[in-house]
Amino acid sequence: MTEHVKQRRVPARVTYLGWMSSDRPARAVYVALILLVALGWVLFEVDGGRFLGLENIVGIQQRSAALGIVAVGQTVAILAGSLDLSVAYLISLSSLVAAEIMAGGDAGVLPAVAAVLAVSAAVGLVNGLVITGLKVHPFIATLGVALIIRGALDWRYDGPAGSVPASFQHLGYDRIGPLPVSALLWAAVAVAAWFLLSRTRLGHRIYAVGGDAEVARLSGVRTGRVVIIAHVLCSVCAGIAGLLLASRLGAGAPTVGTDGGYDLESIAAVVLGGTALAGGRGGVAGTVGGVLLLAVLDSVFNQLEINSFAKDVVRGVVLVAALAIYARGRRTK
Amino acid sequence: MLKMTGIGKSFLGVRVLRGVDLAAAAGEVHAVVGENGAGKSTLMKILAGVHTPDEGSIEIDGRRVTFGHPVEAQRSGVAIIYQEFTLLPERTVAENVFLGREPGRWGLVDRAAMESATAELLHSLGEESFGPRDLVRRLSVARQQVVEIAKAVSLNARIVVMDEPTAALADHEVELLHALVRRLTERGIAVLYISHRLREVFELADRITVLKDGALVTTAAASTLTQAELVRLMVGRELDSYFPPRAAQPPGEVLLSVRGGGNARLRGIDLELRAGEIVGLGGLQGSGRSELAKALFGAEPFTSGEMTPRRPRTSREGITAGIGLVTEDRKAEGLLLGQRVRDNALLVARATGRGQTEVDRLLERVRLKPPRSGQEVRSLSGGNQQKVVLAKWMAVAPRVLLFDEPTRGVDVGAKAAIHDLMRELADGGMAILMISSELPELIGMSDRIVVLREGRVTGELPAGPSEEDVMRLAAAS
Numbered sequence: 001m002t003e004h005v006k007q008r009r010v011p012a013r014v015t016y017l018g019w020m021s022s023d024r025p026a027r028a029v030y031v032a033l034i035l036l037v038a039l040g041w042v043l044f045e046v047d048g049g050r051f052l053g054l055e056n057i058v059g060i061q062q063r064s065a066a067l068g069i070v071a072v073g074q075t076v077a078i079l080a081g082s083l084d085l086s087v088a089y090l091i092s093l094s095s096l097v098a099a100e101i102m103a104g105g106d107a108g109v110l111p112a113v114a115a116v117l118a119v120s121a122a123v124g125l126v127n128g129l130v131i132t133g134l135k136v137h138p139f140i141a142t143l144g145v146a147l148i149i150r151g152a153l154d155w156r157y158d159g160p161a162g163s164v165p166a167s168f169q170h171l172g173y174d175r176i177g178p179l180p181v182s183a184l185l186w187a188a189v190a191v192a193a194w195f196l197l198s199r200t201r202l203g204h205r206i207y208a209v210g211g212d213a214e215v216a217r218l219s220g221v222r223t224g225r226v227v228i229i230a231h232v233l234c235s236v237c238a239g240i241a242g243l244l245l246a247s248r249l250g251a252g253a254p255t256v257g258t259d260g261g262y263d264l265e266s267i268a269a270v271v272l273g274g275t276a277l278a279g280g281r282g283g284v285a286g287t288v289g290g291v292l293l294l295a296v297l298d299s300v301f302n303q304l305e306i307n308s309f310a311k312d313v314v315r316g317v318v319l320v321a322a323l324a325i326y327a328r329g330r331r332t333k
Numbered sequence: 001m002l003k004m005t006g007i008g009k010s011f012l013g014v015r016v017l018r019g020v021d022l023a024a025a026a027g028e029v030h031a032v033v034g035e036n037g038a039g040k041s042t043l044m045k046i047l048a049g050v051h052t053p054d055e056g057s058i059e060i061d062g063r064r065v066t067f068g069h070p071v072e073a074q075r076s077g078v079a080i081i082y083q084e085f086t087l088l089p090e091r092t093v094a095e096n097v098f099l100g101r102e103p104g105r106w107g108l109v110d111r112a113a114m115e116s117a118t119a120e121l122l123h124s125l126g127e128e129s130f131g132p133r134d135l136v137r138r139l140s141v142a143r144q145q146v147v148e149i150a151k152a153v154s155l156n157a158r159i160v161v162m163d164e165p166t167a168a169l170a171d172h173e174v175e176l177l178h179a180l181v182r183r184l185t186e187r188g189i190a191v192l193y194i195s196h197r198l199r200e201v202f203e204l205a206d207r208i209t210v211l212k213d214g215a216l217v218t219t220a221a222a223s224t225l226t227q228a229e230l231v232r233l234m235v236g237r238e239l240d241s242y243f244p245p246r247a248a249q250p251p252g253e254v255l256l257s258v259r260g261g262g263n264a265r266l267r268g269i270d271l272e273l274r275a276g277e278i279v280g281l282g283g284l285q286g287s288g289r290s291e292l293a294k295a296l297f298g299a300e301p302f303t304s305g306e307m308t309p310r311r312p313r314t315s316r317e318g319i320t321a322g323i324g325l326v327t328e329d330r331k332a333e334g335l336l337l338g339q340r341v342r343d344n345a346l347l348v349a350r351a352t353g354r355g356q357t358e359v360d361r362l363l364e365r366v367r368l369k370p371p372r373s374g375q376e377v378r379s380l381s382g383g384n385q386q387k388v389v390l391a392k393w394m395a396v397a398p399r400v401l402l403f404d405e406p407t408r409g410v411d412v413g414a415k416a417a418i419h420d421l422m423r424e425l426a427d428g429g430m431a432i433l434m435i436s437s438e439l440p441e442l443i444g445m446s447d448r449i450v451v452l453r454e455g456r457v458t459g460e461l462p463a464g465p466s467e468e469d470v471m472r473l474a475a476a477s
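Chain order of the listed sequences is A and B.
Heads up: the first sequence at position 49 corresponds to 49 in the working numbering, and the numbers run straight through without jumps.
Heads up: the second sequence at position 29 corresponds to 29 in the working numbering, and the numbers run straight through without jumps.
Hints were generated in silico from the structure; no laboratory data involved.
It cannot be assumed that every hint is accurate.
According to the in silico footprint, chain A covers these stretches of chain B (three or more CB under 8 Å from chain A) [what the hints assert, rightly or not]: (1) 67-80; (2) 100-106.
Simulated coverage check for chain A against chain B, where a stretch passes if three residues somewhere in it have a Cβ under 8 Å from a Cβ of chain B [said to hold, decoys possible]: (3) 197-207; (4) 217-227.
Just a sample of chain A residues kept apart from chain B, beta carbon distances all over 12 Å, derived [to be verified]: (5) Tyr30; (6) Val126; (7) Leu134; (8) His137; (9) Leu153; (10) Arg175; (11) Ile176; (12) Gly211; (13) Gly260; (14) Gly280; (15) Phe309; (16) Ala327.
Don't be surprised by glycine CBs; every beta carbon is placed ideally from N, CA and C.
Turn these sequences into a full structure, and let the hints guide you.
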């Protein structure tokens, strides 16, 4: 009897994504993803290619992995009510730190990974401290840090430097069965972030601070600390992405992060996934969907050999349309 | 259980509380009443650790406490439920109740424990209509209040302060809230209940404390007072300030009229404003006064009813129909603080492309001292800022000007100047509506007074009524 009463009061919500996170726009992005895959499949059939072929899927996953990892970190920062524009330069910096320390030798791999994690954590710490301690708006604080990193890179490097041993290149190119190692790395980062956000105290506080910093403060949350940790996590994700790209390139490059446009693109993927830019609402599940959506879109365009300008136009339209739809959905509720 | 003694507090040199004593016993509902600005909210915020008192002491269970931060008050068992809620709309009920102290080990959150504890809490409060996993955003205001109360109970609060808890509730929800308050007192919790609704106060309270102008009037058992006595205790003061003489001539033609105006906050509003008169709009906080002004102006338009001139749907339509609104919060809604006097004074004229643009003449008319048009508005005194707002409207010469708390935060000299100016504008043929929470101002300035309660007009009084007359119409009976 009591069992029964309890079940009524705590209704279990079982949906496809309910177990991943409670953010509802995530569902919308996956619906869009499915529609886009269907559309892509039709186009490919007409065109004579194989859209759902192994090559293509692997390609999509591989292209998504670096952006995906950065976007997961960006999600954490945005949920906390902040934002990070320094990730692109930090990726470049990380790739160089990794390749220079490895210098083509296997012995350098572990120290290089440790150094990249330490450097990126330090950059995140600086971002967080500037935002919480000096009260600089996140937009400007992280833009400033981005410029500082760029200056340092431009001063020391004109082009690719260092080199990565063959053993480390497995990360970028190998597969386990049909799954690229890089995609597995992305999945691991995403699952870790999901667990952090939905199952730990820190995660709950990240949502609280992003939702309303004053409410969080009045509930005894140390809001500054939460924002700093969110930035450290975001930067570490960018560092991991830098490692992945170094492995792919075989060297470090001062422009690898900016060429990929990882700063704005990661923010685009996060909001496409339904996370509120103001913070406090959304989650990793949506971001993963957002990244995949952008990648599938890319892949369709590549196959159809549409020029890259038109590609950007369509991506822009998709982004704006998605946010308009979310805004509308929230108004009518 | 709670004893506050000799509490005093000043803001920027203005004394808002002096020598106030307040005590509450376990299991008691203690109502705190008074006019707008009597100091109730400040007193409660001191208790909750939001403000620190300048003088006086707080004792809980005989131990003296000082709160530098709301969290410290929480730890001492004081919970406050504000008019605006402090919940996260995008999070679940359970996540809100346990925010900042989620159960679990090693940094992990034990969701199951958190949700079952919340379910138990809700159950003990007799709430079955929603569960711990519901998003707060989807709950009605009344249910959000239950979440706030559940949070307070889970914090082991022994003193719960409710600041105007029923202001936003429908009648049947008020009943539920009262049942909830009684459950709290059964647990030995002391409830401090602030309300303007006197009927509720008598229904619930064991004792009543009356504040007036920041000072304690009396604390008495509710059974020893009648509503009429209570109203008399809350108001009643000498009319000692000077106001300009009223209009010599009877009012002229009708410049604005509404029949059955309504929207989400207002119902069945009938109102006429005539050339040459100042109509006072009375009522308590939350009675819909500002909402009415904004509806007439078009900023938060009426959705039903007839109006002449044609019902404005936007502020711009209001302005072109010859209506102006001097908003209550001039810093947020009336002025661009970082810009110069000149740009502010011409704001409306430039936006609508009409009216006069000779700034010096405008500043002279509103008696800005010194009349320098180049300084930043931020650097002006409150009174001068308000004069700039007036200049902004006079530039487009509206036929109807609505004033929402025109002299709030304005020094005495500027206050008289603004009063004179308002009368001058009326004498010049303008129709003026003035909202004021200061009864002496409302009574001293108005040619007649319309009183609102809960979004409706409850009555109209001729020039020079007593404060009690106004309060009787404003407070529910």
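Do the hints match the structure? See the list:
Chain A is given as covering the stretch 67-80 of chain B, and this holds because 3 residues of the stretch bring a CB closer than 8 Å to a CB of that chain, at least three being needed. Beta-carbon proximity to chain A at under 8 Å applies to 4 residues in the stretch 100-106 of chain B; the threshold of 3 is reached and the given coverage holds. With 8 residues carrying a beta carbon less than 8 Å from a beta carbon of chain B, the stretch 197-207 of chain A meets the three-residue requirement, and the given coverage holds. For the stretch 217-227 of chain A, the assignment as covered by chain B holds, since 4 residues bring a beta-carbon within under 8 Å of that chain's beta-carbons and 3 suffice.
The beta carbon of A:Tyr30 is kept farther than 12 Å from every beta carbon of chain B, the shortest such distance being approximately 20 Å. Under the 12 Å C-beta cut-off, the non-interface status given to A:Val126 relative to chain B holds; the minimum distance is some 24 Å. No beta-carbon of chain B comes within 12 Å of the beta-carbon of A:Leu134; the shortest separation is about 22 Å. A:His137, annotated as away from the interface, keeps every beta carbon of chain B farther than 12 Å; the closest lies near 17 Å.
In this structure A:Leu153 is separated from chain B by more than 12 Å, as the shortest Cβ-Cβ distance comes to about 36 Å. Against chain B, the non-interface label of A:Arg175 holds: every CB pair exceeds 12 Å, the least being about 34 Å. Distance check on A:Ile176: its Cβ is at least 30 Å (rounded) from any Cβ of chain B, clearing the 12 Å threshold; non-interface status holds. Annotated as non-interface, A:Gly211 brings its C-beta within 12 Å of a C-beta of chain B; the closest such distance is 4 Å.
At the 12 Å boundary, the C-beta of A:Gly260 stays outside the reach of chain B, the nearest C-beta of that chain being 31 Å off. Not every C-beta of chain B lies more than 12 Å from that of A:Gly280, the closest at about 5 Å, which undercuts listing it as non-interface. Residue-level check passed: A:Phe309 sits 38 Å from the nearest beta carbon of chain B, beyond 12 Å. Against the 12 Å criterion, A:Ala327 stays outside the reach of chain B, whose nearest CB is about 15 Å from its own CB.
Checked against the numbered hints above, the structure violates hints 12 and 14; every other hint is satisfied.
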